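Given next are the chains, with one letter for each unit.
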Amino acid sequence: MLLFATKRVARAILTVLIVVGCAFAALRLSSDPALVVLGPDAPPSAVAAFRAAWGLDQPLWQQFFYYIAGLLRGEFGRSLLNGADVLPLVGSRVLVTLEIMIPALAIGILVGVSAGAYAALRHNTPKDRLVMMGAVAGFTVPHFVLGLVLVLIFAVHLGWLPSGGNDSWRSAILPVVTLSTGWAAVLARFTRSSVVEVLGQPYIRTASAKGLLWRAVIIRHALPNAAIPVVTTIGFMVGGLLAGAVVTESVFSWPGLGQLIVTSVAARDVAVVQCVLLLVATAMVLSNMTVDFLYTLLDPRLRGGRH
Amino acid sequence: MTLLRLHKVKRTYSTRQGLFGETEQVSAVNGVSLSLERGRTVGLVGESGCGKSTTGRLALGIELPDSGDVTFDGTRLPHPNTKAWKALRRRMQLIFQDPLGALDRRLTIGAQIKEPLAIHKIGSPADHEGQVHRLLAAVGMRPDQAASYPHELSGGQRQRAILARALATSPDILVCDEPVSALDVSIQAQVVNLLLDLQKEFGLAMLFISHDLKLVGCLAHEVAVMYLGLIVEQGEPATLYNEPAHPYTKALLAAVPDSTRRGPRPLLSGEPPNPAARPTGCAFHPRCPIAVPKCSQVEPALLPRADGRLVACHLAHVESAAGEKVS
Amino acid sequence: MTELASASAARPATRRRPIPRGVVLAFGWILLMILVGAFADVLRPYSITALDLSARLTPPIGFGGPITHPLGTDELGRDVLSRLIVSIRVSLLIAFGATVLGVFLGGTLGLVAAHFRGLIEQIVLMLIDAQAALPFIILALSVLAFFGNSLALLIALLALYGWERHARVARGLALAASTQGYMLAVRQLGAGPWRLYVHHMLPNISATMIVSATLAFPEIILAESGLSFLGLGVQPPMTSLGNMVGYGRGYISSAPWILLFPSIVIVITTLAISITGDWLRDRLDPTVS
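Chains as they are written, first to last, in my numbering: chain X, 1 to 307; chain F, 308 to 634; chain V, 635 to 923.
By construction, these hints were calculated from the structure, which means they are not laboratory data.
The reader is advised that the hints may include incorrect statements.
Unchecked claim - Some chain V residues near chain F, calculated using beta-carbon distances under 7 Å:
no. : residue
1   : A811
2   : S812
3   : G815
4   : Y816
5   : A819
6   : Q822
7   : L823
8   : G824
9   : H834
10  : A841
Stated by the list, open to error - Facing chain F, from chain V, some residues (calculated, C-beta under 7 Å):
no. : residue
11  : A810
12  : A825
13  : S840
Said to hold, decoys possible - Label-pair distances were calculated between CB atoms; the ranges are:
no. : chain 1 : residue 1 : chain 2 : residue 2 : range
14  : X       : I68       : V       : L735      : 25 to 35 Å
15  : X       : I68       : F       : H386      : 42 to 52 Å
16  : V       : F750      : X       : K7        : 42 to 52 Å
17  : F       : T378      : V       : S812      : 25 to 35 Å
18  : V       : L735      : F       : S340      : 29 to 39 Å
19  : V       : A672      : X       : G74       : 50 to 60 Å
20  : V       : V658      : X       : S92       : 51 to 61 Å
21  : V       : I653      : X       : I68       : 52 to 62 Å
22  : F       : H386      : X       : L3        : 30 to 40 Å
All values derive from a computational prediction rather than experimental measurement.
The beta-carbon is built from N, C-alpha and C at its ideal position, and this holds for glycine as well.
Here chain X stands alone, though its shape is the one from the complex (with noise of 0.2 Å):
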């Protein structure tokens, strides 16, 4: 267990180099800071002298090198636009993300994994099938689609709701209903495969051959084994979380991580970009590997670690 832990923890970790490597290449290669922050008509003197204060005159092996001895300082680099320290800023943008995220990841949960399991229930019932098409549609209808519609609706024409900003707790709510439809739909199939699957295991129909009340069996024995792959599913949204968020942000002008990244990419910042990859690709391994030891512990045959 100690050697599945260490090898899985120095795998997560080379997946995280790679990938910021791979973003610092692309994203040094594509353009000239100096160029892009000072103008195509800056003079030659001035360019240099950019290039000498950010060390960009240096190979690109080596400025990695420095870009990474400064993460392991906690140093996250300088916005190139206005020379603040990106951690702070992309930081307190994670925090307005997170506003929205959390109701909606907490609402998509609930309705998704109660919806699911209703329709395992009543499997292959209309009740299921009409939860399933929902469930479907929820899933196909895109984010922005799903939020300009209802901003149409709510916004324009009913006039209750505001279309965007983020002023009071009442423009919150369209971009958590937007953000949790998709998460619920997801879940509700997960959800729904998942427990239909354990009921149709033998000791389930053991249980219930006992003599044991259906509401106890489906509380005591069938949830909690539907519960290990739905919670791995949710673990591994988490990418398509952050791709939601960034374009429902957009959508309703939510000033957070998937604005911000919109509009520094779009200013040529490289280091907030690289800050926010480096965060993304962290928080998205975290939570692969989490889900991992999370398998492990809770399916006793994985423990040995081998596949």
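Starting from the known structure of chain X, arrange chains F and V on it as the hints suggest.
Relative to chain X, chains F and V alone:
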């Protein structure tokens, strides 16, 4: 005339867990010598994991031994996937345990019987159709079954189709690895009879690998019993079955259901063999009912007895020597 | 009895079941979209850049609009129907190209990993991990913004969407197939790699790969429209479904039809392909998720 000779072949597998895992040595075949002759069948029996299938692959040259050598027609087998090796496939063929798995389920039987002809460029493509019909007839199938897919046939018919494919290149050697253990007993008999007929007709040398002693006794001219990568007893089926000399052979024979036997059966006890952790001395000693201290220290050699049989057991030789003195 | 069971398990496609009505409808819609895309130049009543400043922001037929512009016009008086038809062609072409490229890339890497094992396999697995650690849209945003965008780059980038899943599937299938008796059997007949892979391996894994591609296709359409919506995908004067929605967003209160029609097409198309993909998967290969 000896066609194929295995001389003291050894094969060890190393398994590794992941990129940085530790390697583990598993010795599958630990020094086996066998020879195959035209028109004769050698039966190889033993429990699963005893190395009999690996021996079969070594005999075919699908894998090379780590030490020892395999000679075919007087020359050593070439490296796998070389040109010479591919050409040699024409002369040696393998019959598998799982007839459905050994056939590509997306191709018709006819197309698959044609494959070896195409690979080895035997005859012109125009002749292949007729060739397929002749082969199907040889294994007792109808010509129209060439158009059927594997899943449309019964298990016995599939095994016949595989036989037809193996015979397409008119091989000299046929290695059958548990060819009938996936089939019903009544169909087993049909396939075994077919194998016997084909051997007579084509003069094949056969290596017949099975865990079923009774079955091997029906068609082998010589039987070799394997335990943990070694042959422990080898001889003609009649003598070997009537008075087994090695305690492992005795135990295997005792495990065969027999309505005429009276009294309790001496069943195999103890841990099943694990090739990764070979016991010292005679590998069988932890499970042997008559083991003496010497058995755990000295590995017995496979030596001939007076009746011409080969046995690897300290006690069996003592016993036979004692018996000869008495008589 | 066992014979029957194994036969039907091996080849479920031979059992004839009626195709569900939803799948038929989905098929019909996909066919319609393909036809619209193929004959876009014949079907569109106007050029997508033809301005009609006298008929700006006219609503669709039934909402007070004239028959000359059945789905209304946009702020520059361009015909929404014509733009929709061309957008369908562009979006489908991009998604199709990206899917094919992605399956080819992922499939090849997966097969290479399974064939060579060892270090090469570890490198491929590492790449898969790295790709899985970066949400596609964030990768796409960075690349498109810094490299500028051409249609070729957009398609190549979208091909990266899901390649790691195809690679995983192909590697798994190839590893499973190489332990199968038939691969061993053909190898020991003396067959070379060409016969092994092209005659035997590919036909046996293609069904699953097609299912994997069908499941990725709607996601690629969504990814493309998402990027175009953010202004980083297809660039004007060319148009795509996501691009139209992004443009229509500015007129959501005055002319909602500009964004509603492409939205509807996106949703129904992805829904139709998802339904077909699920049905194909259940039908051909229940092992892919």
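**Prompt:** Which hints, by number, does the structure contradict?
**Reply:** 1, 2, 10, 11, 13, 16, 18
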